[in-house]
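Student: If you want the building blocks of each chain, they are given just below.
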Amino acid sequence: MGLETYLGDKCGEGVVITSMEKAINWARKSSLWPCTFGLACCALEMIDLALSPYDLSRFGMEVFRSSPRQADLMIVAGTVTKKMLPAVLRIYAQMTEPKWVIAMGACASTGGIFRSYAVVQGIDQYLPVDIYVPGCPPRPEALLDGILKLHEKIMKEKPLHSSNAIQSGSCKI
Amino acid sequence: MAEPGIQIIAEVRERGETETMEINMGPQHPSTHGVFRAVVELDGETVVKVVPHLGYLHRGIEKIAENRTYHQIIPLTDRLDYMAGASNNLGYCLAVEKLMGIEAPPRAQFIRVIITELSRISSHLFWAGATAHDLGAMTPFFYMVREREQILFFLEMITGARLTPSFFRIGGVAMDLPPEFHDECMKFVKAFPPRVDEYEALLTENIIWKSRTKGVGYLSAEDCIGLGVSGPMARAAGINWDLRKNQPYSSYDKFDFKAAVYNGCDAYDRYRVRMMEIRQSNEIIRQALEGVPEGDYSITMKGALKPPAGEVYMAIEAPRGELGFYIISDGTVQPFRMKIRAPTFVNLQSLAKMSEGKLFSDMVAALASVDLVLAEVDR
Amino acid sequence: MTDVTKLKSAFPDAVLNVEEFRGDVTVTLKREALLPMCTFLRDDPDYSFRFLSDVTAVDYKDKTPRFVAVYHLLSHEHNQRLRLKVPLEDERPEIETVVGIWPTANWHERETYDLLGVKFLNHPDLRRILLPYHWDCHPLRKDYPLEGKGEL
Numbered sequence: 003m004g005l006e007t008y009l010g011d012k013c014g015e016g017v018v019i020t021s022m023e024k025a026i027n028w029a030r031k032s033s034l035w036p037c038t039f040g041l042a043c044c045a046l047e048m049i050d051l052a053l054s055p056y057d058l059s060r061f062g063m064e065v066f067r068s069s070p071r072q073a074d075l076m077i078v079a080g081t082v083t084k085k086m087l088p089a090v091l092r093i094y095a096q097m098t099e100p101k102w103v104i105a106m107g108a109c110a111s112t113g114g115i116f117r118s119y120a121v122v123q124g125i126d127q128y129l130p131v132d133i134y135v136p137g138c139p140p141r142p143e144a145l146l147d148g149i150l151k152l153h154e155k156i157m158k159e160k161p162l163h164s165s166n167a168i169q170s171g172s173c174k175i
Numbered sequence: 023m024a025e026p027g028i029q030i031i032a033e034v035r036e037r038g039e040t041e042t043m044e045i046n047m048g049p050q051h052p053s054t055h056g057v058f059r060a061v062v063e064l065d066g067e068t069v070v071k072v073v074p075h076l077g078y079l080h081r082g083i084e085k086i087a088e089n090r091t092y093h094q095i096i097p098l099t100d101r102l103d104y105m106a107g108a109s110n111n112l113g114y115c116l117a118v119e120k121l122m123g124i125e126a127p128p129r130a131q132f133i134r135v136i137i138t139e140l141s142r143i144s145s146h147l148f149w150a151g152a153t154a155h156d157l158g159a160m161t162p163f164f165y166m167v168r169e170r171e172q173i174l175f176f177l178e179m180i181t182g183a184r185l186t187p188s189f190f191r192i193g194g195v196a197m198d199l200p201p202e203f204h205d206e207c208m209k210f211v212k213a214f215p216p217r218v219d220e221y222e223a224l225l226t227e228n229i230i231w232k233s234r235t236k237g238v239g240y241l242s243a244e245d246c247i248g249l250g251v252s253g254p255m256a257r258a259a260g261i262n263w264d265l266r267k268n269q270p271y272s273s274y275d276k277f278d279f280k281a282a283v284y285n286g287c288d289a290y291d292r293y294r295v296r297m298m299e300i301r302q303s304n305e306i307i308r309q310a311l312e313g314v315p316e317g318d319y320s321i322t323m324k325g326a327l328k329p330p331a332g333e334v335y336m337a338i339e340a341p342r343g344e345l346g347f348y349i350i351s352d353g354t355v356q357p358f359r360m361k362i363r364a365p366t367f368v369n370l371q372s373l374a375k376m377s378e379g380k381l382f383s384d385m386v387a388a389l390a391s392v393d394l395v396l397a398e399v400d401r
Numbered sequence: 004m005t006d007v008t009k010l011k012s013a014f015p016d017a018v019l020n021v022e023e024f025r026g027d028v029t030v031t032l033k034r035e036a037l038l039p040m041c042t043f044l045r046d047d048p049d050y051s052f053r054f055l056s057d058v059t060a061v062d063y064k065d066k067t068p069r070f071v072a073v074y075h076l077l078s079h080e081h082n083q084r085l086r087l088k089v090p091l092e093d094e095r096p097e098i099e100t101v102v103g104i105w106p107t108a109n110w111h112e113r114e115t116y117d118l119l120g121v122k123f124l125n126h127p128d129l130r131r132i133l134l135p136y137h138w139d140c141h142p143l144r145k146d147y148p149l150e151g152k153g154e155l
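Residue numbers (my numbering), protein chains in the order written: chain A, 3 to 175; chain B, 23 to 401; chain C, 4 to 155.
Extracted from the complex, chain A is given alone in its bound form (with noise of 0.2 Å):
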C-alpha cells in the first residue's frame, strides 16, 4: 500500500488539495538536517539518539552534515565558552535559509552550573534560539521530544508571508 493508493481511495484520482504553506512546511520539518556541533556531555545523548537504540532516522534526520552549509538544524549541545563563541556564531551565520536552532541541555540555555569566567551563560544572548531542552544532559527522548514540537513549530509557519523573509529577528553576529 503506498501514497498512490491511499491517495486512489481517499481522495479520488491521487488529487490532493492543500495548501502552498502546508506542503512547504511539511517537505521541511520531516528532512531537518541537523549540523554536527556537540560540544560536551550533550553531544553523548545526541549520537545516542542519532544510533540505533533511538533511531533518529525514522523522522529523516539522521543525515548529521558537517559542513553548515547543507544543514538546516545546529543543535547547540553542550556548554558554549567565550573561546568558542566566534566558532558558533560563524557557523550558524554559514547556515543558508531556513534554519532553526535547539538549545539543548541547560549549559546550552542558560549556562548551566558552570556560572564563572569563561562560559557563556546561555546561547540565547547571540542566537536566536526555537527551542529550549532541559536536562544535564537531557535523556535521549527528550532531545527527541524536542525535535518533535520543533516540528509541529514549523508546520505553523508562514514561509510565504512577506514579512517573514528573515526567520527570527535578534541576531547579533
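Any given hint could turn out to be false.
[As the list claims (entries may be wrong)] Simulated pairs of lysine-lysine, DSS-like, Cα-Cα distance not exceeding 27 Å:
1) B:71 <-> B:380
2) C:145 <-> B:328
3) C:152 <-> A:84
Since the hints were derived computationally from the structure, they do not count as laboratory data.
Take the given structure of chain A and dock chains B and C to it, following the hints.
Tutor: Leaving out everything else, chains B and C in the frame of chain A:
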C-alpha cells in the same frame, strides 16, 4: 608504503618547486571527537607540523571548585570525563577521604567498583565504535551501542542518571543497590563475552582495520614515559603499569584480573588493550557481584564536612590513564585549591610526536587512538 | 613511603623542609636547586623518578611566599611518589623549566602560566593554552573574581 612518494616530493622540493599548505582542522569537525582544533602544515599528504589549539571547552572547573563545598563538587567532577562519569567521582571521593583519613565501608567499596567498571566498559565500547566509525567501519558502532544502552540502563537503575551519575559520596555511596540489580546484572555479565567475540570478529583480524592501524601512531615506551603518557596508550607500549594493580584502591586488590599489556606501541595494540580491558572489567564485575559483603553503604558523618588542613594527591586508573586529584585544604568547608591531573591532557601532547612526518589520514587514526575527551583536556 | 635521606644528604642546604601527611612525602626546596635535584631524582637508581605526573602552582593569597610551584613525581621501578614544592617571588613568580628533564612538563607549564601567571624561563613555547590568546588575566589567582571581569 609512502616511501617512494616521499622521495619524489623530496627531490621536487630540492628543486624549489613545492610549498607547504596550512589547513585548519576544527574546532567543529566530525573526526576530532569534540571541540579540538589543530593547525596542520601539510606537504602534499605528509604532515610537516601539527600545532594543537585547546581551550574551547575550558569551563573553569578548578576555580568553581574553590567556591563550592566538598559535596557540591561531586557533580562538577562528573562532567570531566563524561564518557565514564563514575570514575571521576571515584577519584575525587577517594582523594577527599584520603585527606580526612577515613575509608568507605567494604560494601560501599564493592558497589563503587561495580559502577566504575561498568562505566569503563561503556567508555571503551563507545571509543571502539567511534574509532571504527572514523576509519570507515560503520557497522561495529551500531552493535556496540546495544551493549552500551544496557549498561546505561543499569547505571540509571542504580543512580538515576545515564551519563552523569554523581552517585558516590565522601565516605560511601548515596544509597544501596536496588534488589533487582544483582540478577539482571549477572545475566548481562554472562551474556557479554560472546558479544565481545562478535565485535572482535568484525575488527581484530580485518585486513583493512589492520592496515589502517598497524604501525600507525607509533610511540615508543621511552617516549611514553618522557611524555607522561599513561593508561592504555602506555600499556600498548609494553609498560606494565596499572594503578588498580600497582597502587590498589577501593578493594581492587581483592579481585583477580590481568593488566592488559601489549608491545606494538601503535594504534592496533591500543585497540587490543582496550578490548582486553573490557573483558577484564566484565570479570571484575562478576567477581564483585558474587562477593558483595553485607553492611553499611556509607559512613554517617555529622555536621559539615571540614577536612583537616593539609594536602594530598590521589591518583586512580581512569579509562584513559592516570587521573589525579591534588587537593589542598585549609580546614574550611571549601577546598583551598583543587588541581585535576587529566590523563587526556597529557596524552594529547604526544600527538605531534606521533604524526609529524606521517600521512594525514594516519594522523586521524592516531588522534582517535589517544581516546580524546575534550572536557577532560580543557577542564 | 619515599625515603628522602639520600636526597637530603646529596643536597644538604637546598632542602628547606620535609613533610609527611597521609602517606605523601613533600620536599620543599630552594629554587636554585630545582634542576640539579630533578636530574638527580630522575637518574639515581634508588629513586628513578622518570615519570612526572603533574606540574602546577598554588596562590596562597596573603601568606609569604605567595606563589609556590608544585611537582608530582612517580617512580615505576620503586612504586613510589614524591611531591616537590618550590617557593617563588611574590611580585614576579618565575622558575626554570623542567622540560629538558621531563618533556611532559611542556603543556603543564603552559597551563600554569596561563591560569596563574607563573613564568617558566627557557620554556620552548610559553604561551596561553586554555584561555583565548588575547586575554590578559590569570583567573586562578585569588584576587580574580569567579565570574570574571567581563572579558570576551
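Student: All hints are to be evaluated individually against the structure, with a verdict given for each.
Tutor: Consistency of the hints with the structure:
1. B:71 <-> B:380: Distance ~10 Å between residue 71 of chain B and residue 380 of chain B Cα, so the pair holds.
2. C:145 <-> B:328: holds, 21 Å
3. C:152 <-> A:84: The given pair, whose Cα atoms are some 13 Å apart, holds under the 27 Å limit.
Consistency note: the structure conflicts with none of the earlier hints.
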